[in-house]
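Enquirer: By the count of this note's numbering, the sequence shown reaches residue 370 at its end, each step adding exactly one.
Worth flagging that the hints you see were computed from the coordinates, not collected in a lab. Just so you know, even glycine gets a beta-carbon here, dropped at the ideal spot from N, CA and C. Treat the hints with caution; some may be incorrect.
As the list claims (entries may be wrong) - Here are the simulated BS3-like pairs of lysine-lysine, each with C-alpha atoms no more than 25 Å apart in a straight line: (1) Lys71 / Lys52; (2) Lys43 / Lys271; (3) Lys235 / Lys184; (4) Lys7 / Lys19; (5) Lys17 / Lys7; (6) Lys7 / Lys181; (7) Lys271 / Lys188; (8) Lys157 / Lys188; (9) Lys18 / Lys51; (10) Lys236 / Lys183; (11) Lys183 / Lys235; (12) Lys71 / Lys58; (13) Lys103 / Lys271; (14) Lys19 / Lys103; (15) Lys321 / Lys364; (16) Lys181 / Lys271; (17) Lys71 / Lys43; (18) Lys19 / Lys43; (19) Lys18 / Lys52; (20) Lys208 / Lys222; (21) Lys222 / Lys235; (22) Lys52 / Lys157; (23) Lys321 / Lys344; (24) Lys52 / Lys271; (25) Lys43 / Lys184; (26) Lys103 / Lys344; (27) Lys18 / Lys7; (28) Lys58 / Lys17; (29) Lys184 / Lys236; (30) Lys184 / Lys208; (31) Lys208 / Lys7; (32) Lys157 / Lys51; (33) Lys181 / Lys236.
What the hints assert, rightly or not - Across the chosen pairs, the derived CB separations fall in these ranges: (34) Thr363 / Arg11: 34 to 44 Å; (35) Val254 / Leu317: 16 to 26 Å; (36) Lys364 / Leu5: 20 to 30 Å.
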Amino acid sequence: VNIELCKRLFRYLNPYKKKLLLAILFSVIVGVIASSPVPIIQKTFDDIFVKKDFFMLKAIPIALVLLYAIKAILVYAQNIIILGISWELVVRVREELFAHIHKLPFNFFEENETGQLISRVMNDVTIMQSTITRLLKEFVQNSITLLALLGWIFYLKWDWAIISLLVIPVMLLPINNIARKLKKLSHKGQEITADLNATILESFSGIKVVRAFAMERFEAEKFNSFSHSFLAVMKKNVKYIEITSPFLELLGVVSASFVLWYGGFQVLTDKVTQGTFIAFIVGLFMMYAPLRILLRIYTNIQVSLAGAERVFSILDLEEEKVKGGNKELIRFNEVIEFQNVSFKYPSRNTAVLNSINLTLEKTKILAIVG
């Protein structure tokens, strides 16, 4: 992950620090509550079923309902805060980008088609928003849940926990490679989307010319070419994204199966209680969901950061500087005269205007058409 890019992106969140801290606090509480079934299961088997504890029989169901009622309220409040902030961020970045583009030199517009710029302002900024939402909403909450579950399984049986975590190094290397490939594919997909937008805009805005010169087939072939390129990129994207879940599930089952065999033997020899064994297995399987989500977030963030890079690449362009010596024209009496006016775009060799002389009389309108 590009740390500098993330830092720059999160600078936009400075005005929302208090709200963010509140949302993160909610995420921490929700994450801890999400891990509560592990100790509850242990207490259920060891205290209720084995020790015949009738008080725990009443207390545990009530506690479970209260905990998940609190969780539901906090999840709703957290989502309202984070999604509200992320959409405000979209509006701010779009406004900043739109205003900045208007101040760029003319040669920028020579090199970038209108449809591509529309894609930057609309699509790429929306992709950025998903980075903020996932990091603040899903990453924090699932990280806390995973850490809490990890704490519980270490508390229950630390040696089993170490055995269970031996699969993590096997998991990280391929996931990291997949994330890098997804970032490249995202860049390519966003560029093709920009080309599609440019093609649609140009074709529809110039529909009279297209029809007049019988260019319908040419325009359709041009659009189809970009469309098929986009399809190829998306198919590769899906292939890399969807491989993570079954790969992770397989590793998880291998780990759990070993613990099931080793732990089951210790239960049969009365070295471990049934409640501890069942709670450990449940906790281990519960870790799969937040771990899968975190890995999916990691790969998706690579895609989102590609959108952020495209947005910041425009925001980093230097605005056109007005040369010194220009005078503001407040009012005039009869005429304005232009003598030997020449102009050419930086990207072109030939002049658009060459030694033009104009006289503009008061109350008259003069247009240069070309």
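Enquirer: Now tell me if each hint is right for this structure.
Expert: To see whether the hints hold, each was checked on the structure:
no.: 1; hint: Lys71 / Lys52; result: 29 Å, violated
no.: 2; hint: Lys43 / Lys271; result: 17 Å, holds
no.: 3; hint: Lys235 / Lys184; result: 14 Å, holds
no.: 4; hint: Lys7 / Lys19; result: 18 Å, holds
no.: 5; hint: Lys17 / Lys7; result: 14 Å, holds
no.: 6; hint: Lys7 / Lys181; result: 22 Å, holds
no.: 7; hint: Lys271 / Lys188; result: 57 Å, violated
no.: 8; hint: Lys157 / Lys188; result: 47 Å, violated
no.: 9; hint: Lys18 / Lys51; result: 47 Å, violated
no.: 10; hint: Lys236 / Lys183; result: 12 Å, holds
no.: 11; hint: Lys183 / Lys235; result: 14 Å, holds
no.: 12; hint: Lys71 / Lys58; result: 21 Å, holds
no.: 13; hint: Lys103 / Lys271; result: 74 Å, violated
no.: 14; hint: Lys19 / Lys103; result: 33 Å, violated
no.: 15; hint: Lys321 / Lys364; result: 31 Å, violated
no.: 16; hint: Lys181 / Lys271; result: 47 Å, violated
no.: 17; hint: Lys71 / Lys43; result: 21 Å, holds
no.: 18; hint: Lys19 / Lys43; result: 37 Å, violated
no.: 19; hint: Lys18 / Lys52; result: 48 Å, violated
no.: 20; hint: Lys208 / Lys222; result: 18 Å, holds
no.: 21; hint: Lys222 / Lys235; result: 20 Å, holds
no.: 22; hint: Lys52 / Lys157; result: 24 Å, holds
no.: 23; hint: Lys321 / Lys344; result: 17 Å, holds
no.: 24; hint: Lys52 / Lys271; result: 21 Å, holds
no.: 25; hint: Lys43 / Lys184; result: 49 Å, violated
no.: 26; hint: Lys103 / Lys344; result: 18 Å, holds
no.: 27; hint: Lys18 / Lys7; result: 18 Å, holds
no.: 28; hint: Lys58 / Lys17; result: 42 Å, violated
no.: 29; hint: Lys184 / Lys236; result: 11 Å, holds
no.: 30; hint: Lys184 / Lys208; result: 38 Å, violated
no.: 31; hint: Lys208 / Lys7; result: 48 Å, violated
no.: 32; hint: Lys157 / Lys51; result: 21 Å, holds
no.: 33; hint: Lys181 / Lys236; result: 9 Å, holds
no.: 34; hint: Thr363 / Arg11: 34 to 44 Å; result: 51 Å, violated
no.: 35; hint: Val254 / Leu317: 16 to 26 Å; result: 51 Å, violated
no.: 36; hint: Lys364 / Leu5: 20 to 30 Å; result: 53 Å, violated
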